[in-house]
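When you get a sec, could you build the whole thing from the sequences and use the hints?
Number of protein chains: 2
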Amino acid sequence: MAQDALSEFIARMHELKDLGGAIGILSWDQETYMPAKGGEPRAHQLATMQGLYHERLIAPALGEAIAALEQRPSLGAEQRAMVRNVRWERDRAVKVPSRLVVELAEEQSRAVEAWRGARVRRDFSAFRPHLEVLIRLRREQADALGHAGERYDALLEGYEPSMRVERLAPLLERLREKLVPLVKAIVDTGRKPANPFAGRRFDPAKQWEFTLRLMRDLGFDLEAGRQDRSTHPFTGGAGHPLDVRLTTRLEADDPLSGFMSTIHECGHGLYEQGFPLEQGRTSLAQAPSFGLHESQSRFWENLVGRSRPFWAHYLPILRSLFPQELAGVEPEAFDAWLNRVEPSLIRVEADEVTYNLHILVRFELELALMRGQLQAADLPEAWNERMRTFLGLTPSDDSVGVMQDIHWAWGEFGYFPTYAIGNLYSAMLLSRLEQEVPGVWEAIGRGELKVVLDWLRARIHRQGYLLPAEDLVEQVTGSRLCEAPFMDYLWKKYRPLYGLR
Amino acid sequence: MAQDALSEFIARMHELKDLGGAIGILSWDQETYMPAKGGEPRAHQLATMQGLYHERLIAPALGEAIAALEQRPSLGAEQRAMVRNVRWERDRAVKVPSRLVVELAEEQSRAVEAWRGARVRRDFSAFRPHLEVLIRLRREQADALGHAGERYDALLEGYEPSMRVERLAPLLERLREKLVPLVKAIVDTGRKPANPFAGRRFDPAKQWEFTLRLMRDLGFDLEAGRQDRSTHPFTGGAGHPLDVRLTTRLEADDPLSGFMSTIHECGHGLYEQGFPLEQGRTSLAQAPSFGLHESQSRFWENLVGRSRPFWAHYLPILRSLFPQELAGVEPEAFDAWLNRVEPSLIRVEADEVTYNLHILVRFELELALMRGQLQAADLPEAWNERMRTFLGLTPSDDSVGVMQDIHWAWGEFGYFPTYAIGNLYSAMLLSRLEQEVPGVWEAIGRGELKVVLDWLRARIHRQGYLLPAEDLVEQVTGSRLCEAPFMDYLWKKYRPLYGLR
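Residue numbers (my numbering), protein chains in the order written: chain R, 1 to 501; chain U, 1 to 501.
These are computed hints drawn from the structure, not numbers from a lab. Among the hints, a few may not be true.
Where chains are identical, the list cannot tell them apart; a pair therefore holds if satisfied intra-copy or between any two copies.
Unchecked claim - When the alpha-carbon atoms are kept at most 25 Å apart in a straight line, the in silico DMTMM-like pairs for lysine to aspartate or glutamate are as follows:
#, residue 1, residue 2
1, 37, 228
2, 37, 221
3, 37, 209
4, 37, 278
5, 37, 454
6, 37, 217
7, 206, 228
8, 450, 434
Structure representation (structure tokens):
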């Protein structure tokens with residue numbers, strides 16, 4: 001065994017990666033091309049595949065190979081990182097008793113079902129009992145995973161390895177304290193940009209052509225990936241840089257919805273296509289955290305895709321595709337609409353200024369739930385109270401309040417903060433990019449997006465999961481996760497847009 | 001164990017079925033939507049999945065459960081059939097040493113690669129060494145599988161369980177003796193129908209609409225399956241009646257190519273959608289043999305889809321879609337072209353009269369190879385000699401002769417006869433259908449295809465793999481596999497078409 005531990009480890013890592021890739025394609029198919037009645041056999045196939053993945057992940061032989069390699073000083077940096085990544089995933093799988101895994105999976109199915117019905121009927125009481133069970137099970141799971149007193153850490157870590165509440169909570173609180181006045185200042189201007197597309201129709205077939213052009217221009221390799229349409233846009237595929245798949249959703253009366261969705265998912269997709277190709281079947285070909293993955297989609301969607309230089313280049317192109325539909329739409333009106341800020345009830349429709357406040361509502365509630373300071377029954381009131389304080393709004397009912405997201409019905413507590421972390425990382429990276437490539441905005445204005453991708457590829461994408469997310473960002477920017485670059489970015493952008501002081 | 005053998009067996013059968021379904025979707029995706037560069041990771045994913053399938057199939061616990069159930073007289077007919085089917089597949093997997101499985105897989109990859117190049121360069125000598133290895137390995141495999149002196153039986157059985165050379169060879173020889181004079185009689189008439197579509201173009205988008213209409217009319221449930229386009233049409237999917245996927249290929253200058261391809265694959269697809277739904281995750285939800293599967297595609301494509309009543313209904317519909325393109329095309333000319341008989345070099349382009357002669361060339365050669373009566377080096381000459389005798393043609397070179405099919409490069413010996421068996425079964429079934437449903441052709445002429453599907457569903461599809469293929473056909477028609485109904489069908493159809501005596 002000793003001398004074969006490395007080849008044993010690599011063969012098993014490859015097998016896990018292959019299984020994960022197969023699951024990825026089955027899941028993608030489920031959302032794109034699977035016929036309506038195919039859901040039942042697909043659920044069985046996925047459950048069987050996930051069971052096999054879990055079985056192979058917790059196999060004692062893999063654990064032994066990992067333990068042997070951890071004693072071997074001769075391993076290179078890449079091999080050490082591979083071992084660390086698989087060890088981390090395996091430890092989390094081993095620690096949770098299979099009885100709990102099954103209970104969670106079963107309750108998730110029931111809860112999602114109940115959530116759908118309860119949301120339509122605006123009846124939180126029908127969802128509450130399921131939420132109670134999920135909270136109990138996830139607390140149990142957190143205790144099984146282990147933590148140093150803060151239960152939430154064990155869940156957060158599943159999405160954002162080595163992030164801790166101890167550091168995240170004060171950081172997000174500072175962010176909140178800085179965002180609330182900015183939102184208020186914007187609201188107080190009373191400016192409400194008009195929708196320049198109102199009453200106009202944009203042929204989805206032509207929208208589709210434009211999204212494909214955007215993908216190509218951004219640097220997405222359409223021979224190593226594809227775009228399709230689905231109800232909810234996502235990025236998936238074979239978990240390999242040579243097969244990355246994204247989806248978008250086009251709406252005839254709201255062209256920006258599809259364009260921004262394509263740019264967002266393309267940001268995820270460019271990251272995955274940029275993972276080290278020669279390590280495509282290893283644990284290096286993945287993002288070190290959900291937050292860093294999200295930083296890439298938001299970097300392209302918000303920082304680049306909502307910028308003036310970007311549309312200085314693309315608005316004329318769009319105008320040549322939709323000459324009548326865009327007649328009379330001036331760049332200023334386009335920009336004002338694209339970047340309008342307005343406190344709203346629904347997270348997925350929020351602008352980049354208010355978005356993080358939606359995350360903060362959820363983060364504070366999740367933390368209180370896991371600490372046992374809050375019960376499921378108290379959620380609607382606690383939710384509405386925070387919406388009032390952070391955004392000055394009160395949901396008319398729970399379907400546009402505490403029940404708006406599917407995440408809690410999946411039992412996903414600890415996931416939401418990664419959206420905010422992604423926003424903060426993206427601004428840290430932009431600030432560094434501006435320093436290292438002084439003419440970057442002029443290049444973007446000329447449609448030369450390659451300078452941006454090249455920089456991200458070299459600094460972030462090609463690194464894969466060699467370093468933990470925050471170490472990698474520090475290596476690139478010289479700083480740990482912080483809110484300052486994000487707030488600087490917002491003020492710099494929204495001060496002129498809304499005429500703030 | 002004893003009292004749990006049934007649940008153990010069923011759980012393992014379900015798992016195998018789920019894995020097989022996942023492999024089916026991955027393979028379908030590979031031919032339809034996978035991006036060009038995705039082939040490398042996909043090959044790894046499929047190899048891993050197939051390895052897992054094999055591992056689970058040969059698991060001792062499955063063997064023990066089967067052995068225990070075979071001792072249990074209380075099992076119902078369906079359960080006994082499930083056990084028999086899995087036992088059969090498992091025995092074949094267990095008997096072949098894994099060393100040989102790996103050698104075969106590796107040599108298949110190399111041989112397909114060599115075949116592609118050799119075929120382009122028309123150089124059999126570059127393919128020959130690989131063919132020699134494959135012949136040797138397949139002979140070894142046959143001996144490992146076991147047989148009673150006729151090595152070919154062990155391979156044939158892999159596609160057509162319980163069929164034997166002893167019975168098949170004389171049957172196919174009789175078929176050849178009857179076909180050769182029919183072909184000669186047709187050729188001697190000197191009639192060569194003109195192509196009524198020459199110089200006309202049929203918009204593929206409209207062809208596509210028509211193929212979907214055909215599918216719906218034939219009874220294909222588009223909520224439990226779909227059609228896509230691929231280079232080589234095939235039927236695949238999740239191996240479950242609720243998710244069946246077919247592909248077609250459309251050519252602007254040859255509309256019948258796509259229509260007949262859709263009808264052919266739809267015949268396969270209707271069979272799979274008709275498997276017993278409540279047994280969808282069991283070994284009953286499959287065809288008992290490749291020949292019976294093929295009988296369904298050929299039944300619809302040739303017996304129904306090339307009939308006068310069928311086009312009496314559809315030609316007017318097609319004409320309303322393509323009024324200009326079909327201007328002046330009379331039903332007689334359409335029918336004559338659709339059913340033209342002409343000896344040709346290429347099997348996949350052959351008509352239903354000469355098709356089986358192409359199969360006979362291959363069957364006789366495969367048999368001689370497995371018996372050791374023929375060497376790979378002698379194949380081109382032996383091939384050309386038979387083409388002269390059976391069809392009166394001599395290939396100009398081996399690319400349109402012995403190297404035209406990919407099957408031998410895959411090492412598939414024993415597969416070709418199932419095409420002929422399918423043709424014979426289809427005519428046996430038609431003959432019986434005509435007896436049981438006297439007005440069937442009038443119904444087809446009115447576009448009422450449901451009577452045909454209902455009959456096939458009740459007699460064949462819903463049976464799944466409850467009985468071996470020939471037992472099922474005998475149950476339906478009262479007869480074992482024979483050539484008479486097929487020859488009757490051909491003479492009845494082609495006598496008037498070609499004015500034969």
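Violations among the numbered hints, reported as their numbers in ascending order: Violated: none.
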